[in-house]
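Trainee: Protein sequences appear in the order of chains A and B. First residue of the first sequence? That's 131 in my numbering, and the numbers climb one at a time after it. First residue of the second sequence? That's 4 in my numbering, and the numbers climb one at a time after it.
Careful, some of the hints might be misleading.
[Stated by the list, open to error] Anything over 12 Å on all C-beta distances counts as not near chain B; from chain A, calculated: (1) Val160; (2) Gly164; (3) His214; (4) Ala253; (5) Leu256; (6) Ser282; (7) Leu290; (8) Ala302; (9) Leu308; (10) Ser311; (11) Pro350; (12) Ala352; (13) Trp468; (14) His486.
[What the hints assert, rightly or not] From chain B, some residues computed to sit far from chain A (all C-beta separations above 10 Å): (15) Leu41; (16) Ile48; (17) Pro58; (18) Leu173; (19) Ile200; (20) Ala218.
[Said to hold, decoys possible] Pairs of lysine-lysine, DSSO-like flavour, derived with a Cα cap of 27 Å: (21) Lys318/A x Lys301/A; (22) Lys318/A x Lys522/A; (23) Lys301/A x Lys119/B; (24) Lys522/A x Lys119/B.
By construction, these hints were calculated from the structure, which means they are not laboratory data. Using N, Cα and C, we set each Cβ at its ideal position, and we do this for glycine too.
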Amino acid sequence: MHVLLIVVPVVFAAVCLALPGPRLRLASLVAGSGAHFGVTIWSWSTTFPDEADSVFAIEPLGHLFVSLVSVLFAATSVYFVGYHRKALLSQRIFLACMLALLAALSAVCMSRHLGVLWVAMEAASLAATPLIYFRLSARSLEATWKFLLMSSVGIALALLGIFCIAVAAMKAEPAVSLVYSDLVSHAKELDVLWLRAGFLLALVGFGAKMGLSPLHSWKPDAYGEAPPPVAALLSGAMTLGPFIGILRVFQVCSAAGLAEFAGGWLVVFGLVSIGTAAVFVVGNNDYRRIFAYTSVEHMGVMVVGVGLGLGGSYAAMLHAMHNTLNKGVLFFMAGFFWRIYQSNRVSDVRGALHHHPTAGILFLGGLCATCGLPPFGMFFSELGILFAAAQKAQWWVLGLFTLTLCIVFVGVMTAMLPMVFGPPPENLKSAPKGEGRWRNVVMLAPATLLLLAALVLGAYQPACVRDALYAAAATLEPLRTESGAAVARGMEVLP
Amino acid sequence: MLQSAIDSILVLAVLLNLAMLATSRMAACIRTFALQSLLLALLPIAVGLRHETIPGAHAFVITAGAVGLKVFLIPWILLRVLRTGEIHREIEPFIGFTASVMLGAVIIVASFAFAKRMPLPTEAPTDLLVPVSIATLFNGLLMLVSRLKAITQVLGYLVVENGIFVFGLLLLEQTPVLVELGILLDLFVGVFIMGIIVYHIRREFDHMDTHLLDALRES
């Protein structure tokens with residue numbers, strides 16, 4: 131029944147295309163992502179039999195990611211109702227593409243065959259393209275073109291990587307299919323040379339889609355020009371798709387005894403990404419672009435965590451979860467600020483706390499969460515990665531990781547704190563009445579809920595959430611010694 | 004006989020890469036691409052014929068899909084987009100035509116050297132398959148980064164895709180038809196969207212030089 135997660139959004143997208151009025155279509159968007167969220171919740175209460183030959187299946191890692199995607203989409207669809215005023219791009223197509231993106235991402239998370247995963251991932255980036263072009267301006271056109279070209283080339287390289295893995299699988303007798311669980315169980319029979327080539331190509335290709343440096347250049351443009359709800363979806367949900375692609379290939383590599391090789395490259399890419407973010411965050415004057423660079427940073431952190439292994443994988447899963455929640459809050463607030471201040475520039479936004487206390491507090495909370503201040507979860511995940519680095523005695527990694535994270539922290543905080551505190555500029559419009567008021571409530575409520583979720587999951591982690599994260603992390607460590615898992619269990623960082 | 008046919012198709016495909024790097028007229032470039040796609044689309048059947056007298060339905064489906072999309076539909080879309088504007092030539096690319104042909108040739112030599120060092124775990128239809136695939140891929144990337152016009156960039160992406168298509172011939176029996184068709188469908192939708200965007204770029208900027216797309220950068 132898990133196919134419902136793909137079918138439901140597709141059906142609602144078709145309904146969106148068919149419905150006559152803009153209000154009805156918005157209702158269909160909310161209903162579609164709400165229904166998806168409902169199915170997701172229901173999916174946690176049942177167990178799924180291991181269907182060997184189905185294309186899609188629910189397993190811990192994909193289940194975790196599809197749930198994150200679902201939460202963010204549900205929040206964004208509500209936010210969008212408040213955000214949406216002028217229809218620039220055809221609203222019909224825009225909403226249908228949003229639901230198609232949800233369906234494609236669910237398919238990415240649940241597909242067992244690497245080829246199907248690739249097809250779904252490409253479908254997701256094609257569905258996202260019209261969303262970026264929302265404003266129909268020259269700038270958004272430029273962002274869309276860069277996004278489309280970069281992600282097409284990236285995903286083409288990823289396809290070549292998957293093909294290389296297929297070649298590696300031809301060495302086994304009989305040849306293994308591209309279903310990753312088969313690949314993992316026959317990993318020892320694969321051709322090592324081609325597997326390495328496949329991993330690197332897939333890492334570069336999916337990395338370009340995920341926004342790992344040096345192929346991140348589309349990211350600030352796309353996030354800066356796309357409407358904020360779309361940027362929230364791109365940074366919080368869309369990044370999980372290529373990440374799961376990398377993780378699947380990594381699973382195969384580590385089962386084949388290439389964990390050191392693959393992990394090493396993951397750490398290198400991750401550190402370079404965090405470093406890039408550190409360079410570009412400092413002195414940047416566009417708050418959405420700064421958020422985009424923090425997204426590059428967080429992708430880097432996740433990849434470093436997986437690369438280190440042990441407690442690092444658990445920390446990476448924790449980080450992925452909080453990344454989804456935080457990016458939602460930040461981009462929702464970015465859209466809200468844009469409504470008040472009519473500017474993307476950091477220097478134009480001042481004194482949000484005075485002008486609109488609720489929005490100021492939410493934004494401040496989102497900032498603290500994304501910079502990894504306790505009690506928010508990113509503090510614990512980053513600490514967990516530090517411990518993992520220390521335990522593996524990779525002191526260079528530990529040092530660089532800490533240094534670059536500190537630079538990002540200082541860069542973001544010095545830029546953004548004046549946005550919250552200080553006197554607001556004088557010529558601001560006063561708080562809207564009547565119609566504008568319900569819009570504010572509808573826009574702020576999802577941000578509040580996401581921030582509360584981030585706070586609660588950071589400060590107190592329910593057993594069920596921890597188990598889900600554990601199960602997801604455990605799939606990444608199939609053979610890294612029995613004792614390794616025990617060590618990981620002993621040293622993971624708990625709030 | 005069949006073997007030499009497969010080999011000649013692959014060699015021709017590589018030469019067409021160089022031809023595309025050398026032409027400045029975009030319409031000619033698009034037609035060259037269509038010709039290359041047609042040649043490559045014959046390969047699944049030819050490779051299938053090596054094993055048995057009648058290749059499986061799988062090979063025919065892929066050939067039909069590739070011919071329909073890459074020989075007719077996509078070139079038609081691109082030519083249509085091209086006709087709506089005035090500029091039909093690539094003028095002053097980042098890397099000149101002679102230089103890019105030279106670079107393309109270097110890439111081809113390098114791919115053969117590289118493929119020698121990556122022995123295939125199983126027997127391939129022909130030894131040329133991997134080097135030709137890699138050479139086509141990198142020639143496409145070269146086109147993508149060295150040209151200014153949006154249409155030629157799209158063509159570069161399509162050549163990259165052709166390179167991967169050649170590589171996919173190794174895996175003809177392994178990849179399900181569904182996945183192959185999904186790949187072709189994604190390619191088509193991608194090019195369709197690119198066509199729309201190229202059209203918008205021209206309407207917005209009055210032509211389609213992508214170097215005008217540089218408003219977004221770090222200040």
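Trainee: Taking the hints in turn, state whether each one holds.
Mentor: Going through the hints against the structure:
Non-interface status of valine 160/A relative to chain B is upheld: no Cβ of that chain comes within 12 Å, the nearest being about 26 Å off. Every CB of chain B is more than 12 Å from the CB of glycine 164/A (nearest about 27 Å), matching its label as outside the interface. At roughly 22 Å from the closest C-beta of chain B, the C-beta of histidine 214/A stays outside 12 Å, upholding its exclusion from the interface. With a minimum CB-CB distance of about 6 Å to chain B, alanine 253/A fails to clear the 12 Å threshold, and the non-interface call is violated.
A beta-carbon of chain B comes within 12 Å of the beta-carbon of leucine 256/A; the shortest separation is about 5 Å. Under the 12 Å C-beta cut-off, the non-interface status given to serine 282/A relative to chain B is violated; the minimum distance is some 5 Å. Non-interface call for leucine 290/A relative to chain B: violated, since the shortest CB-CB distance, roughly 5 Å, does not exceed 12 Å. Remark: the non-interface label on alanine 302/A conflicts with the geometry, its nearest Cβ contact in chain B lying 9 Å away (cut-off 12 Å).
Distance to chain B contradicts leucine 308/A as a non-interface residue, since its nearest Cβ pair spans about 7 Å, not more than 12 Å. The Cβ of serine 311/A sits about 16 Å from the closest Cβ of chain B, beyond the 12 Å cut-off, so the non-interface label holds. Not every Cβ of chain B is farther than 12 Å from the Cβ of proline 350/A; the closest lies at roughly 8 Å, contradicting the non-interface assignment. For alanine 352/A, the requirement that its beta carbon stay farther than 12 Å from each beta carbon of chain B is not met, with the minimum near 9 Å.
Listed as a non-interface residue, tryptophan 468/A keeps its Cβ farther than 12 Å from every Cβ of chain B; the least gap is roughly 17 Å. The beta carbon of histidine 486/A is kept farther than 12 Å from every beta carbon of chain B, the shortest such distance being approximately 27 Å. With 10 Å as the threshold on Cβ separation, the claim that leucine 41/B sits away from chain A holds: the shortest Cβ distance comes to roughly 21 Å. At roughly 20 Å, the least C-beta separation between isoleucine 48/B and chain A is larger than 10 Å, which holds for a residue marked as non-interface.
With a cut of 10 Å on Cβ distances, proline 58/B stays outside the contact zone with chain A, its closest approach being about 19 Å. The non-interface label for leucine 173/B is inconsistent with chain A: the shortest C-beta to C-beta separation is roughly 6 Å, within 10 Å. Look at isoleucine 200/B: its CB is around 6 Å from the nearest CB on chain A, not clear of 10 Å, so calling it non-interface is violated. The claim that alanine 218/B lies off the interface is violated: its Cβ sits roughly 6 Å from the closest Cβ of chain A, which falls inside the 10 Å cut-off.
This hinted pair checks out: lysine 318/A and lysine 301/A have alpha carbons roughly 10 Å apart, not beyond 27 Å. A C-alpha spacing of about 25 Å is found between lysine 318/A and lysine 522/A, which places the hinted pair at or below 27 Å, so the restraint holds. For the proposed pair lysine 301/A and lysine 119/B, the alpha carbon gap of about 18 Å is at most 27 Å, so the pair holds. For a cut-off of 27 Å, the pair hint linking lysine 522/A to lysine 119/B is broken: about 37 Å separates their Cα positions.
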